[in-house]
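Sequence lines, in order, name chains A and B.
Its first residue numbered 16, the first sequence is counted upward by one per residue in our numbering.
Its first residue numbered 12, the second sequence is counted upward by one per residue in our numbering.
Just so you know, these hints were derived from the structure itself, not from any lab.
Beta carbons are placed, not taken as given, at the ideal position from N, Cα and C, and that holds for glycine.
Warning: the hint list may mix true and false statements.
Said to hold, decoys possible - Cβ pair distances, simulated, as ranges:
(1) A:216 x B:302: 15 to 25 Å
(2) A:217 x B:275: 34 to 44 Å
(3) B:302 x A:89: 34 to 44 Å
(4) A:226 x B:289: 39 to 49 Å
(5) B:211 x A:28: 38 to 48 Å
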Amino acid sequence: MVHPVTVAFVEDQPVAIEGVRSWIAADPGKRLSLIAVSGSVSEVLSGPGGQANVLLMDLQLADDRVGLQQEEVSRRVADIEALVDANRRVVVYSQHDSDEVIRAVLDAGASAYLAKREVADHLIDAILAAAEDRPYMPPEMTGAILTDDKRPQLSDQEFMACRLWFQGMKKAQVARRMGIRESTVRQYIARVRAKYAKVGRPAGTKADLLARAIQDGLINAADISPRS
Amino acid sequence: MNVPADPTTAATRYVQAADRLVVVIVATWHLIYDPVAILLNAALYRSLLPQLVAWSLLAIIGVIGSVQLLRTTGSTAGRWGLVAAAVLAGAFSTAALPAAQPVLSYANWSFGAVGWWCVLLLIRRPVVELGIALLAHDTITLAAIVATGQADRVTLARFVVVCFGTGVLQLLPPVISRLLGGTATMAEESAQAEARIRGRRQASEAARVARVRRYQELRRSVVPVLAGLADRTLDPEDPTVRDRCRIEYARLRRLFAESDDVEDLFMHQLRACADLAERRGVVVEWATSGRVPEMPTRLHRALTEAPMHALAIAQSNARVTVLARPDEVAVGVIADASSSLPPVSIDPDVVVSNHQEGEQLWVESRWCTR
Chain A
16 MVHPVTVAFV EDQPVAIEGV RSWIAADPGK RLSLIAVSGS VSEVLSGPGG
66 QANVLLMDLQ LADDRVGLQQ EEVSRRVADI EALVDANRRV VVYSQHDSDE
116 VIRAVLDAGA SAYLAKREVA DHLIDAILAA AEDRPYMPPE MTGAILTDDK
166 RPQLSDQEFM ACRLWFQGMK KAQVARRMGI RESTVRQYIA RVRAKYAKVG
216 RPAGTKADLL ARAIQDGLIN AADISPRS
Chain B
12 MNVPADPTTA ATRYVQAADR LVVVIVATWH LIYDPVAILL NAALYRSLLP
62 QLVAWSLLAI IGVIGSVQLL RTTGSTAGRW GLVAAAVLAG AFSTAALPAA
112 QPVLSYANWS FGAVGWWCVL LLIRRPVVEL GIALLAHDTI TLAAIVATGQ
162 ADRVTLARFV VVCFGTGVLQ LLPPVISRLL GGTATMAEES AQAEARIRGR
212 RQASEAARVA RVRRYQELRR SVVPVLAGLA DRTLDPEDPT VRDRCRIEYA
262 RLRRLFAESD DVEDLFMHQL RACADLAERR GVVVEWATSG RVPEMPTRLH
312 RALTEAPMHA LAIAQSNARV TVLARPDEVA VGVIADASSS LPPVSIDPDV
362 VVSNHQEGEQ LWVESRWCTR
């Protein structure tokens with residue numbers, strides 16, 4: 016992957032924009048570059064953002080009103096589906112959402128879901144992983160996947176690693192708790208994310224993620240065969 | 012008359028029984044007694060035709076009145092019209108008697124009959140109206156007696172006796188109907204009141220038993236701390252003792268939250284524990300995923316025991332997570348606390364794990380049926 020990875024940001028709140036800008040600038044490796052910001056998807060795509068490696072998109076669910084919220088969610092999910100079908104990588108980030116919304120976003124083909132409070136620890140890694148079709152799973156998204164009825168088969172170890180990760184342990188702590196290496200913990204978490212890409216609506220990004228995972232030896236075809 | 016609309020109550024059944032009795036009386040009278048009277052005295056009539064016409068009229072009125080009466084929701088409008096028609100039919104029959112025939116004779120079959128028609132038609136209306144109708148009919152008969160010059164002492168005496176006797180009989184059905192209905196309604200109401208009282212007593216008994224059980228739990232955990240503080244065997248300056256106090260305070264608070272009527276009792280209790288920590292200034296972060304399945308209260312308590320413990324000793328921040336599936340619930344707390352009193356599981360179905368790393372304490376309470 017050519018560094019820096021270019022990012023286009025769909026967001027209309029100045030505070031959030033400044034926050035992300037400063038996080039990207041604070042990365043010592045300067046691995047990301049923010050090349051476009053706009054409040055609408057079409058505007059971002061029509062400008063230099065159209066060439067960006069990854070789109071970072073806010074779900075803009077500031078409202079608590081149920082009716083309006085559901086309409087906005089459907090619109091955003093439709094936007095994501097369109098972007099994914101046009102072979103773009105999307106990382107969604109949002110204030111706080113229910114499991115259903117997180118799953119809908121992932122089902123549409125988003126590479127990752129990032130809660131706003133997870134930005135500090137996970138923003139850069141999530142975007143980098145999305146650019147390379149590698150699986151990345153911040154803790155909040157992990158919970159939604161673990162409680163999905165349609166989740167794929169997970170081994171006990173995989174489930175435990177994800178559970179502790181969801182509870183907020185650092186990967187090193189998970190490793191110590193489970194008595195395994197930290198790289199194994201990363202692998203377990205990545206495998207769960209990769210397996211989840213097989214679930215639900217077929218999408219280009221999911222297929223790419225799976226292909227990359229198989230290529231990297233993370234999973235093999237048997238892990239993702241359909242359950243009887 | 013206030014007839015209860017519900018056809019299954021005892022009161023309604025009694026009233027309907029009285030109605031049916033009247034219909035049977037009227038039917039029997041008109042189908043057996045009256046035809047027999049007409050036929051036996053056929054020779055005495057100038058012509059049979061007026062009698063047959065009157066009989067037919069009364070038959071029609073009788074059928075209409077019976078149908079209206081037996082249908083429980085019939086209105087009582089138009090009854091007086093039918094009453095008037097019946098009385099007129101009777102008068103017609105009487106007027107058609109030959110002048111020589113005494114009014115108070117067997118040949119005057121309509122005299123006794125019309126009274127029962129009044130009962131049939133007016134049984135649902137106030138009893139006074141029936142009385143008026145009967146009086147009116149009797150007055151007409153009296154007028155007939157006087158008009159045909161039969162008003163001697165014997166006849167008049169007989170008239171009074173007959174009117175009184177049949178009148179009393181005819182007033183009985185409505186009166187009895189009301190008495191029966193009223194008594195049945197009272198019996199029903201008192202039975203319902205008794206059932207209500209019994210139900211309340213059972214509910215309060217169940218509540219008392221539950222309360223006794225709860226206080227027994229408290230006796231094991233909270234009372235020793237209070238007793239120790241009271242008799243100075245526990246030093247309030249000791250941080251371990253302070254931790255214990257906070258834990259027992261949280262336990263009490265959780266106990267109070269148990270009796271709250273909320274949709275998600277489990278989360279409500281967990282939030283009550285977190286609430287106490289927040290009041291102390293601890294920043295509590297939440298992450299929940301999935302819906303907690305129905306569980307008995309003892310499991311609620313067992314699952315929230317260790318998290319409650321960890322939240323009570325957290326110093327400045329804590330992260331609470333709930334991961335719920337139909338066959339598994341895991342509650343985790345990561346807080347900056349050092350546990351000198353590691354939380355343990357109080358229920359065999361719940362596994363408690365903890366892990367201390369420097370200033371950070373991780374506690375997990377897990378229930379799993381797999």
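Here is what the structure says about each hint:
{"no.": "1", "hint": "A:216 x B:302: 15 to 25 Å", "result": "holds, 24 Å"}
{"no.": "2", "hint": "A:217 x B:275: 34 to 44 Å", "result": "holds, 36 Å"}
{"no.": "3", "hint": "B:302 x A:89: 34 to 44 Å", "result": "violated, 22 Å"}
{"no.": "4", "hint": "A:226 x B:289: 39 to 49 Å", "result": "holds, 47 Å"}
{"no.": "5", "hint": "B:211 x A:28: 38 to 48 Å", "result": "violated, 57 Å"}
The structure does not agree with the numbered hints 3 and 5 stated previously, though it agrees with the rest.
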